[in-house]
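S.K.: Take a look at the letters that make up each chain.
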Amino acid sequence: MYSQGLIGADDKPVEDDAFIAAFQARIDAEEKIEPNDPMPEAYRKTLVRQIGQHAHSEIVGMLPEGNWITRAPTLRRKLALLAKVQDEGGHGLYLYSAAETLGVSREQMTEELLSGKAKYSSIFNYPTPTWADIGAIGWLVDGAAIMNQVPLCRCSFGPYARAMVRVCREESFHQRQGYELMMALAEGSDKQREMAQDALNRWWWPSLMMFGPHDSDSTNSDQSMQWKIKRFTNDELRQKFVDATVVQAEKIGLTIPDPDLKWNPEKNDGEGGYDFGPIDWDEFWRVVKGGGPMNRDRIAARKKAWDEGAWVREAANAFAEKQAQRADAATVAAE
Amino acid sequence: MSIETTPLWEVFIRSRNGLNHKHVGSLHAADSNLAVQSARDVYTRREEGNSIWVVRSDQIIASDPDRSGENFEPAADKIYRHPSFYDIPDDVGHM
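Same order as they appear, the protein sequences are chains H and U. With the numbering used here applied, the first sequence covers 1 to 335. With the numbering used here applied, the second sequence covers 336 to 430.
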């Protein structure tokens, strides 16, 4: 509702100390910032970048799972997977809408995704060679996403927070269907159990990487925390995820592929938590920078979808224009 | 790549009869029919409502956030508009 008014607006607020202090005071008072409110340019840019990346991740995230829709083993699984992939598309749209309130267009964001300028979550650059990968994605990848997204429901920027409320409500079904799928495989034949364990082995570390670099190496973290875009640091969220997930793996008899994983009663201010082994950050950066197994395929698939959908967009616009002209002609005739 | 843009629409959903239509978000669509269809797909996958309104975003006239003060603050000092402003003995009963 706000973006069309904002695009091209050039009356940027002057960012003197008083302006920054007044903005921070609103944030500290837990006031939500709405699109037409004055805000520091850096706040706007950070959100455009973050919400854009988040939206792209939802859209690209449809691809690894879409790979298995035609080969789902039962109708029940197929219905669930179809509904889940459709949800991801919907989440992408909620998020693009939220970003658009900040004065970027959908087309601009799509172009940045296709040109490689905008990033998306590195997790979607891994392949899905087996059916168990669908379970692992729902359980681990959506599980990690939920850890990230629940605090985003309280993000200081209103439209992003409201989009997240909708997303989180829907995301819980995603994780449960994934875990149930893994449970079915884990309780199945030896081969099925092996398949489940193999998927966990491949997805575990990339899932931990989803939370981003360690706090000590994260460049944007401090400012985002101060602006209450983020409520927890990367490492805090990663720890929550590990603590929640280890128990879930144990329940279905699967083993987390980390020899260093150990209960540490001192952790989390004495409540206890798991120590875990070092993350391979070289792999993380390689994948972020385009060197993952599926980076090229993912962008190629998005580009193909965009290009092959061009005629539909053109036809819809042409039809709308024709209808508008007819309506005008009818009005003139009536007068 | 086509860069032709489609207009933005605001979506309002009535969750059930007897309630107001409430703003739920926005979307792009070439015309009103497509906007209603997209709104159904994007915003009502889980029984969120039984009626959809769409309005072109550029048709909405909004109040100026810079003038929120003069627009809305004057209401704050008119506490005599609220029932709790008036002292009535408890034994009069509910009023």
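No wet-lab data here; the hints were simulated from the structure. This structure is a prediction, so every number in the text was calculated from the model and none was measured. C-beta atoms are modelled at their ideal positions from N, C-alpha and C, and glycine is treated no differently. Misleading hints may appear alongside valid ones.
As the list claims (entries may be wrong) - Partial list, computed: chain U residues near chain H (C-beta under 8 Å): (1) Thr341; (2) Lys357; (3) Ser361; (4) Leu362; (5) His363; (6) Ala365; (7) Ile396; (8) Ala411; (9) Asp412; (10) Gly428.
What the hints assert, rightly or not - The list that follows gives simulated cross-link-like pairs (lysine to aspartate or glutamate, EDC-like), each with its CA atoms no further than 20 Å apart: (11) Lys119/H - Glu314/H; (12) Lys413/U - Asp393/U; (13) Lys45/H - Asp87/H; (14) Lys32/H - Asp399/U; (15) Lys357/U - Asp190/H; (16) Lys228/H - Glu107/H; (17) Lys322/H - Asp297/H; (18) Lys228/H - Asp215/H; (19) Lys45/H - Glu112/H; (20) Lys322/H - Asp376/U; (21) Lys32/H - Glu408/U; (22) Lys228/H - Asp87/H; (23) Lys267/H - Asp307/H; (24) Lys78/H - Glu408/U; (25) Lys119/H - Glu107/H; (26) Lys32/H - Asp401/U; (27) Lys228/H - Glu112/H; (28) Lys304/H - Glu314/H.
S.K.: Now, for every hint given, state plainly whether the structure supports it.
M.R.: The hints, checked one at a time:
| no. | hint | verdict |
| --- | --- | --- |
| 1 | Thr341 | holds (7 Å) |
| 2 | Lys357 | violated (12 Å) |
| 3 | Ser361 | holds (5 Å) |
| 4 | Leu362 | holds (6 Å) |
| 5 | His363 | holds (6 Å) |
| 6 | Ala365 | holds (4 Å) |
| 7 | Ile396 | violated (11 Å) |
| 8 | Ala411 | violated (16 Å) |
| 9 | Asp412 | violated (21 Å) |
| 10 | Gly428 | violated (40 Å) |
| 11 | Lys119/H - Glu314/H | violated (27 Å) |
| 12 | Lys413/U - Asp393/U | violated (35 Å) |
| 13 | Lys45/H - Asp87/H | violated (27 Å) |
| 14 | Lys32/H - Asp399/U | holds (17 Å) |
| 15 | Lys357/U - Asp190/H | violated (52 Å) |
| 16 | Lys228/H - Glu107/H | violated (28 Å) |
| 17 | Lys322/H - Asp297/H | violated (38 Å) |
| 18 | Lys228/H - Asp215/H | holds (16 Å) |
| 19 | Lys45/H - Glu112/H | holds (14 Å) |
| 20 | Lys322/H - Asp376/U | violated (25 Å) |
| 21 | Lys32/H - Glu408/U | holds (18 Å) |
| 22 | Lys228/H - Asp87/H | violated (27 Å) |
| 23 | Lys267/H - Asp307/H | violated (51 Å) |
| 24 | Lys78/H - Glu408/U | violated (55 Å) |
| 25 | Lys119/H - Glu107/H | holds (16 Å) |
| 26 | Lys32/H - Asp401/U | holds (16 Å) |
| 27 | Lys228/H - Glu112/H | violated (26 Å) |
| 28 | Lys304/H - Glu314/H | holds (16 Å) |
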